[in-house]
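Peer 1: One letter stands for each residue in the lines below.
There are 2 protein chains.
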Amino acid sequence: MTIRDVARAAGVSVATASRALNQSGLVAAGTRATVRAAAERLHYSPHAGARSLITSRTHTIGVLLPDLYGEFFSEVIRGIDQRVQQGGYHCLISSARHGGPSLEAALRAMRGRVDGVVLMSPEFTGELSRRSLPAGFPVVLLNSAPSQLPHPSLIIANFEGARAMVRHLAGLGHRRIALIRGAEGNFDAAERRRGYRAALAEAGLPLAPELEIPGDFSEAAGVAGARALLELPEAPTAIFAANDGMAIGALFALRDAGRRVPEDIAIGGFDDIPMARYVEPSLTSVHVDISALGERAATRLLALLEGRSEPDVSRETLPTTLVVRRSCGAPNS
Amino acid sequence: MTIRDVARAAGVSVATASRALNQSGLVAAGTRATVRAAAERLHYSPHAGARSLITSRTHTIGVLLPDLYGEFFSEVIRGIDQRVQQGGYHCLISSARHGGPSLEAALRAMRGRVDGVVLMSPEFTGELSRRSLPAGFPVVLLNSAPSQLPHPSLIIANFEGARAMVRHLAGLGHRRIALIRGAEGNFDAAERRRGYRAALAEAGLPLAPELEIPGDFSEAAGVAGARALLELPEAPTAIFAANDGMAIGALFALRDAGRRVPEDIAIGGFDDIPMARYVEPSLTSVHVDISALGERAATRLLALLEGRSEPDVSRETLPTTLVVRRSCGAPNS
DNA sequence: AGTGATACTGTAAACGTTTCCAGCTGCCGA
DNA sequence: TCGGCAGCTGGAAACGTTTACAGTATCACT
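Chains X and F are the protein sequences, given in the same order. The C-terminal residue of the first sequence carries number 1159 in this note's numbering, and the numbering is unbroken. The C-terminal residue of the second sequence carries number 1159 in this note's numbering, and the numbering is unbroken.
Hints in this document: simulated from the structure, not taken from any laboratory. Relax, there's no trap hidden among the hints.
Only some residues are given here: those of chain F computed to face chain X with a beta carbon under 7 Å:
id, residue
1, H873
2, G875
3, S878
4, S900
5, C917
Stretch by stretch, here's where chain F covers chain X in the computed footprint (C-beta under 8 Å, at least three residues):
id, stretch
6, 864–873
7, 878–888
8, 894–908
9, 912–918
10, 937–949
11, 1100–1109
A short list of chain X residues far from chain F (calculated; beta carbon distances all over 10 Å):
id, residue
12, L998
13, A1046
14, R1141
Built from N, CA and C at the ideal position, the CB exists for glycine as well.
Construct the entire structure; sequences and hints are all you get.
Peer 2: See below:
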């Protein structure tokens, strides 16, 4: 089942067989047909390892994610795979959980297996880059903080999305708008908070520190956050949660506390997970096309691999859109 | 950055370097240390392709899924990756969309890249197996119809789960229990229908053909199914939808039609997707631990690869559990 | 001192490809 | 008739590993 067998069966040399099976080089039409037929008959398929040894291309890209849990990651993967497959590439997936050695190990283990990687990791530093990657190794960063790393990087419009949401709430007349924040040290969380503050400033509203509640993206944090806000001397009339999970948690906490949403308190989330449209009342959120993010990352990486683009440092932002549903109390929804 | 460089830097031959870096063979402790140090200093990591060429092991397994959409697949992947990573293996993911050539192409493209594959595909036949896989190639099948294919196979307890659900509904006093079916030709769908019928028979209830509504696992099918059931001269008092998506669709349709759930009509679903607990009323469903399915598949495949188990044909069934929530109207929930 | 065993190290072949280079036809023009 | 050239084909090197085998010390023992 090697190319030798095919060559022998077709009565040619391996060189000719190779040429006939790839498009390369010149082979007589008849010979090509014979070889093709033999390959077909023997169910030959080339050994990728051997091929990559000589061509130094694996036609595989690595996808390194912090975790594999939840639909965010599955959507990213879907977007990447879709794009990559149509370019004739494959996807080697790996998750590098928390903890230092793991990420480096995962990165190293990919050496010789992949032509480049799409990397999403908060802990990826320049130091690590230098240590575990060959210089000039193609990398596309996903949702990472700005840095001087020499890799193109993709982020979603956290700032703009959050600002649009809070602007929307302010536009509905809310003056006291609370924020349930994302995880500490998380880049997305920081950006969304920045958007929140910017919108408040634009609307001429004061920054009230007691209205910024810490959170960690979990539903439980949403519950706790909403409860804390209800304890305030002057409760907010609107809550912007930094993601949908916390927004849904807040929704439950408010319902339990006997508050009506959106009549008493309006709620807005972020991410627009599928569940957002199913909760009661349906959740106003900021839509993010995650699979498009993956697809775009793959496109950038492939461009790098095919040498169609210089390894630049450019940062690309994917737009978000505000999706108005019932939880914010906007009139026509 | 090849092993030659390491050998040269350490002042030994490549053979010794290789032996020092792997555990194999006998090397003087001092030499080993020198080589290790050199490798560390040069950031050497072995070329997987070259290694796999000689050892004929890639330490990678393929995962071939019909699609990458939705949390079912992401959970399967997560389970597989988790298990596989702890065994020192990697995951090459690929989705073989609808259409014949695609699956075969994907399977072939994995030749020389993976040591075995976890395969989930309705269209995988013996014929295809013979054509696109080397004889004896390790394969574990996921959720496929029984067949005489010489591969171990894993399924979830569709029949038992559906039967438990319908039995539960019958136990609540329902006499007219409808079924919104899964996709035509789908193995899971057929099994769930079989469970439905078995439970009816057990409960001494007649099979009413008009109560079996076709569906396709989509939310829209749930909506349409519920509407059709309401049109009946004698509407059912309970509906079992073959998956949660359709159950949620039915929920909406009933709500729109002014029926109360569960007071007027009870509803049960299948899969226990995360959303099930968030809809109003929360959805009674059959829980399936999907990541465990993936993990188990990976375990079986690894056992095959390590030669710890014969390539048997055994069929393994993963249990499901009934999760009672509010949509079925059970008293204590 | 010679012998054999032991402990380590090096040489070289092999894995399955691709590709450079050279060789072999047959044909055309001189 | 012969040189040259195109068109095609084959031999062999190369990619980076692992590993069978052979080689070289060192050392204990007779």
